[in-house]
Amino acid sequence: MQLTVWTYEGPPHVGAMRIATALKDVHYVLHAPQGDTYADLLFTMIERRDHRPPVTYTTFQARDLGKDTAEIFRDAMLASYERFKPNAMLVGASCTAELIQDDPAGLAAASGIPVPIVPLELPSYQKKENWGAAETFYQLVRKLVRPAEEAAPREEGVRPRCNLLGPTALGFRHRDDVREITYLLDKLGIDVNVCAPLNATAEDIARLGEADFNVVMYPEIADTTARWLERNFKQPRTTIVPIGVGATRDFIHEVAELAGIDPAAALKELECRLPWYSRSIDSNYLTGKRVFIFADATHALAAARIASEELGYEVVGLGTYSREFARDVRAKAKDLGIEALITDDYLEVEQQVQDLQPELVLGTQMERHIAKRLGIACAVISAPVHVQDYPARTSPQMGFEGANVIFDDWVHPLMMGLEEHLLGMFREDFEFNDDAVPSHLAMHGETGPRVQAQPEKPDAAAADDKAPIIWEPDAEKELRKIPFFVRGKAKRNAEAFAAEKGLSQITVETLYDAKAHFGR
Amino acid sequence: MSHAVIADVPAPKEGCSERPVIRERGQREVFCGLTGIIWLHRKIQDAFFLIVGSRTCAHLMQSAAGVMIFAEPRFATAIIDERDLAGMADVNDELDRNVARLLERRPDINLLFLVGSCPSEVIKLDLSKAAERLSKNYAPDVRILNYSGSGIETTFTQGEDGCLASMVPELPTLPEGSDQSLMIVGCLADVVEDQFTRIFERMGLPTPVYLPMRDSNEMPPVGPDTRYLLAQPYLMDTARALEDRGAKRIPAPFPLGVEGTTGWLKAAANQWGIDQQTFDEVTASGRARAERALECYREQLAGKRIFFFPDSQLEVPLARFLSREMGMELIEVGTPYLHQQHLADELSMLPEDVQLSEGQDVEKQLDRCHAATPDLTVCGLGLANPLEAEGLATKWSIELLFTPTQGFDQAGDLAELFARPLVRRAKLKV
Ligand code: SF4
Ligand code: SF4
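First to last, the sequence lines map onto chains U and E.
Start counting the first sequence at 1; every next residue gets the next number (full-length UniProt numbering).
Start counting the second sequence at 1; every next residue gets the next number (full-length UniProt numbering).
I should point out that these hints are in silico values taken from the structure, not numbers from a laboratory.
Warning: the hint list may mix true and false statements.
Claimed, not checked - Quick list of the computed label-pair ranges, beta carbon to beta carbon:
1. Val21(E) with Ala326(U): 50 to 60 Å
2. Glu363(E) with Ser280(U): 49 to 59 Å
3. Gln351(U) with Asp108(E): 14 to 24 Å
4. Arg23(E) with Arg327(U): 48 to 58 Å
5. Asp108(E) with Val192(U): 48 to 58 Å
6. Lys427(E) with Thr394(U): 18 to 28 Å
7. Arg83(U) with Glu295(E): 37 to 47 Å
8. Asp355(U) with Asp108(E): 20 to 30 Å
9. Asp75(U) with Pro404(E): 39 to 49 Å
10. Lys129(E) with Asp355(U): 33 to 43 Å
11. Arg83(E) with Asp25(U): 31 to 41 Å
Claimed, not checked - Derived coverage of chain E by chain U (criterion: at least 3 residues anywhere in the stretch with Cβ under 8 Å from a Cβ of chain U; other residues may be distant):
12. 119-132
13. 220-234
Said to hold, decoys possible - 25 Å max Cα-Cα, derived DSS-like pairs, lysine-lysine:
14. Lys372(U) with Lys43(E)
15. Lys304(E) with Lys429(E)
16. Lys143(U) with Lys24(U)
17. Lys364(E) with Lys395(E)
18. Lys515(U) with Lys501(U)
19. Lys143(U) with Lys289(U)
20. Lys187(U) with Lys268(U)
21. Lys67(U) with Lys124(E)
22. Lys489(U) with Lys372(U)
23. Lys85(U) with Lys364(E)
24. Lys266(E) with Lys248(E)
25. Lys124(E) with Lys127(U)
26. Lys24(U) with Lys364(E)
27. Lys395(E) with Lys429(E)
28. Lys234(U) with Lys143(U)
Quick caveat, the model's predicted, so the values are computed rather than measured.
Quick reminder that beta carbons are idealized off the backbone N, C-alpha and C, glycines included.
Based on the sequences and whatever the hints tell you, model everything.
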């Protein structure tokens with residue numbers, strides 16, 4: 001039993017719903033109690049889809065238990081086939097139905113429904129949403145894909161073809177990433193055979209084998225499927241996720257290699273503004289900004305590289321809730337000289353943000369809550385997200401345009417350079433109070449009033465539970481003169497310094513000694 | 001827990017119930033009772049709700065509450081995992097451990113609800129025993145109660161019913177021979193409670209007590225001298241539990257709109273023998289204000305055709321208000337359960353020819369809705385945008401529970417909720 005306030009991932013059947021909803025003509029019959037229909041609102045409200053997800057819930061009740069729940073399931077399956085006439089069906093159980101063991105697979109097999117039916121076994125008490133999506137996609141592909149004919153060598157002038165694998169419904173910017181990557185591949189002279197599951201039909205899935213190779217856009221969703229296709233269809237797969245300038249360049253080289261083409265011309269033509277923006281002197285003040293990253297593995301890894309190599313930030317924390325990919329994230333963290341945080345416990349993440357006092361948090365909707373509470377700037381980089389993270393405009397994360405979007409999104413929440421200096425210089429000015437927000441950000445709901453998460457008074461060093469370090473009143477006063485957005489860091493540094501030197505009190509002197517010791 | 005009864009036993013027939021009711025059994029598109037926690041955890045300020053359930057339950061809470069949570073919520077989920085199911089961990093020990101961790105983190109909690117879910121019920125985890133056991137450990141600092149919010153037993157607003165019902169046996173006893181006391185039952189916004197208290201006091205009624213109370217240290221007393229008014233129509237178990245303690249219900253319509261509010265206040269006034277003149281003196285200004293407020297929206301709503309999907313169990317009183325006071329035409333009034341007894345006054349005020357429906361087969365109901373092309377459709381969050389995309393104006397019903405709508409001074413706000421989607425459609429030229 002695990003105590004949970006917020007969860008990063010839903011149950012695995014929600015992952016299956018993300019696949020079903022992404023597809024065009026596949027219907028999912030889910031054995032579940034009525035409350036589980038809440039999942040529809042993820043798609044209709046949060047993602048603002050204009051259609052109901054193609055899901056029929058059996059909504060059995062307590063009085064049905066032990067009598068006819070299996071019958072209810074069979075009826076729902078037959079009725080939804082008749083009504084929606086899908087070209088393939090998924091059937092499965094939610095957590096509650098899993099416990100009553102009605103055997104959806106057996107019932108489906110005996111149903112006589114004339115389209116392929118994929119029974120899903122998604123252990124709800126063990127696995128989570130992304131795993132459920134990956135497994136559903138994999139089972140569906142295995143069931144539907146047609147054996148490829150012996151590929152004749154490609155004729156002169158015929159463009160190489162690939163599949164785009166992984167984009168789903170309710171994905172973070174998947175819609176826009178598909179567009180950007182399709183554009184990029186086109187520039188390189190590569191066609192997209194099928195993009196799946198987003199906007200694919202059952203027939204499209206059947207044609208997956210016709211491509212020369214696979215682009216794995218989101219490993220959390222597509223890795224299992226791509227590996228299977230590689231083994232069974234001899235389709236190589238990409239291993240680089242093109243988020244960020246460097247990764248996009250690497251991706252282009254990888255793809256060019258797989259497609260047997262020369263990317264030089266396209267690379268010259270494709271433009272990205274991030275490198276120049278980042279080098280322009282206006283960006284000087286971004287140097288060494290302390291950033292904390294927590295996301296799914298794909299976005300966390302990409303963010304770590306972009307933040308450190310392309311924006312000149314200092315990554316002080318890196319973590320993920322995707323345990324399946326924990327190893328990669330641990331390795332990346334090690335490269336950066338830190339230790340990765342692998343957890344799905346929101347409270348643990350919150351504690352680390354509080355301890356590290358970063359200047360910028362890059363995370364999910366949950367980290368947005370945390371950052372808001374602690375008064376730290378924040379940008380959202382990964383699912384789970386909220387309705388405002390499905391912007392009307394096209395704003396990909398992938399490719400060169402994605403890098404441009406990222407530059408804007410990850411710089412914008414911070415104080416602007418000169419403004420930062422002004423606050424440092426004239427902090428006694430009565431108009432520069434602690435609630436000052438960057439002047440280019442309006443005080444709307446999103447920024448909200450700053451909730452003082454910690455007591456204004458500096459408290460004991462949280463790092464260890466030795467005797468608390470006392471702040472002298474003068475030092476405390478001095479600390480309060482420091483602008484809020486660096487105050488946390490100054491406080492932390494002073495306490496760490498005092499602990500290191502075995503001091504039990506922090507004086508004004510200690511504060512400045514710490515400053516000298518740690519530098520900016 | 002006795003929730004299963006709700007679904008099974010048809011309520012006693014009473015009053016005007018001869019109308020044909022469509023009773024359907026198919027896919028329901030309604031939240032489960034856990035959802036009530038979203039407003040309950042803000043109402044009872046020193047209470048915490050610990051759901052004993054699955055990742056689905058936690059995800060439901062977060063998805064349904066997402067936009068509405070600004071501070072740290074006073075609810076959480078103890079997620080049952082495979083170790084618990086496989087018997088590798090003793091579920092009760094695990095629960096105790098989680099409760100200990102929680103109470104350590106939140107020393108401000110005085111009242112803890114263990115909330116049952118579908119999985120906890122299917123595996124027959126006895127939360128009442130657990131609550132009893134834990135109560136012994138934490139008394140007197142923390143009181144621990146339990147109820148079910150599971151989707152196999154309860155829909156949406158019935159979670160509040162379960163919660164309130166679980167508190168009734170805990171309420172202090174009103175000593176026999178006390179003066180009659182007035183209890184208002186059902187979550188209301190604080191501001192609305194204060195308005196009602198002022199009105200009752202001015203009429204010369206006893207100062208009402210409220211269930212739920214804002215502070216668990218101030219549980220309202222109950223006994224044979226308690227007369228209670230339901231402020232919400234979905235409180236069957238709570239009403240039964242109150243009756244068990246000797247309290248008597250004052251039959252009344254629900255305080256939505258001018259007519260509903262007047263009838264509701266009047267029922268209480270009659271109970272205490274308040275004369276008509278006093279009643280009129282006290283309520284006249286409120287009624288007049290409400291009338292004026294409704295006037296603004298009547299033009300927008302009159303003659304418009306409305307369709308209710310079942311959701312909050314507020315559908316019948318809302319339909320009564322919209323048809324009688326705003327001149328709307330009712331196409332279908334769907335509700336998860338039609339409690340004939342509590343709704344007797346309401347049903348008698350509905351137009352003769354209204355189509356009622358109870359339970360749901362969402363696909364068939366959507367067919368009827370499409371065929372009827374209503375001007376306004378009241379439905380849950382899963383259906384609203386798809387219907388809007390088809391060109392139907394909708395009002396998402398959850399908003400009706402998160403907005404103070406009861407009483408004279410909120411009547412205009414209530415009407416506005418229904419007018420806004422229509423006004424918006426008229427404005428937009430894109
Ligand atoms: S319907 Fe049951 S399993 Fe689903 S969220 Fe509600 S209590 Fe949990
Ligand atoms: S005013 Fe600010 S943003 Fe503009 S150049 Fe100077 S430091 Fe940069």
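These are the hints, each one checked on the structure:
no., hint, verdict
1, Val21(E) with Ala326(U): 50 to 60 Å, "55 Å, holds"
2, Glu363(E) with Ser280(U): 49 to 59 Å, "58 Å, holds"
3, Gln351(U) with Asp108(E): 14 to 24 Å, "19 Å, holds"
4, Arg23(E) with Arg327(U): 48 to 58 Å, "56 Å, holds"
5, Asp108(E) with Val192(U): 48 to 58 Å, "56 Å, holds"
6, Lys427(E) with Thr394(U): 18 to 28 Å, "27 Å, holds"
7, Arg83(U) with Glu295(E): 37 to 47 Å, "45 Å, holds"
8, Asp355(U) with Asp108(E): 20 to 30 Å, "23 Å, holds"
9, Asp75(U) with Pro404(E): 39 to 49 Å, "42 Å, holds"
10, Lys129(E) with Asp355(U): 33 to 43 Å, "40 Å, holds"
11, Arg83(E) with Asp25(U): 31 to 41 Å, "40 Å, holds"
12, 119-132, "holds (count 4)"
13, 220-234, "violated (count 0)"
14, Lys372(U) with Lys43(E), "24 Å, holds"
15, Lys304(E) with Lys429(E), "21 Å, holds"
16, Lys143(U) with Lys24(U), "17 Å, holds"
17, Lys364(E) with Lys395(E), "20 Å, holds"
18, Lys515(U) with Lys501(U), "14 Å, holds"
19, Lys143(U) with Lys289(U), "49 Å, violated"
20, Lys187(U) with Lys268(U), "11 Å, holds"
21, Lys67(U) with Lys124(E), "17 Å, holds"
22, Lys489(U) with Lys372(U), "17 Å, holds"
23, Lys85(U) with Lys364(E), "16 Å, holds"
24, Lys266(E) with Lys248(E), "16 Å, holds"
25, Lys124(E) with Lys127(U), "22 Å, holds"
26, Lys24(U) with Lys364(E), "22 Å, holds"
27, Lys395(E) with Lys429(E), "20 Å, holds"
28, Lys234(U) with Lys143(U), "18 Å, holds"
The structure does not agree with the numbered hints 13, 19 stated previously, though it agrees with the rest.
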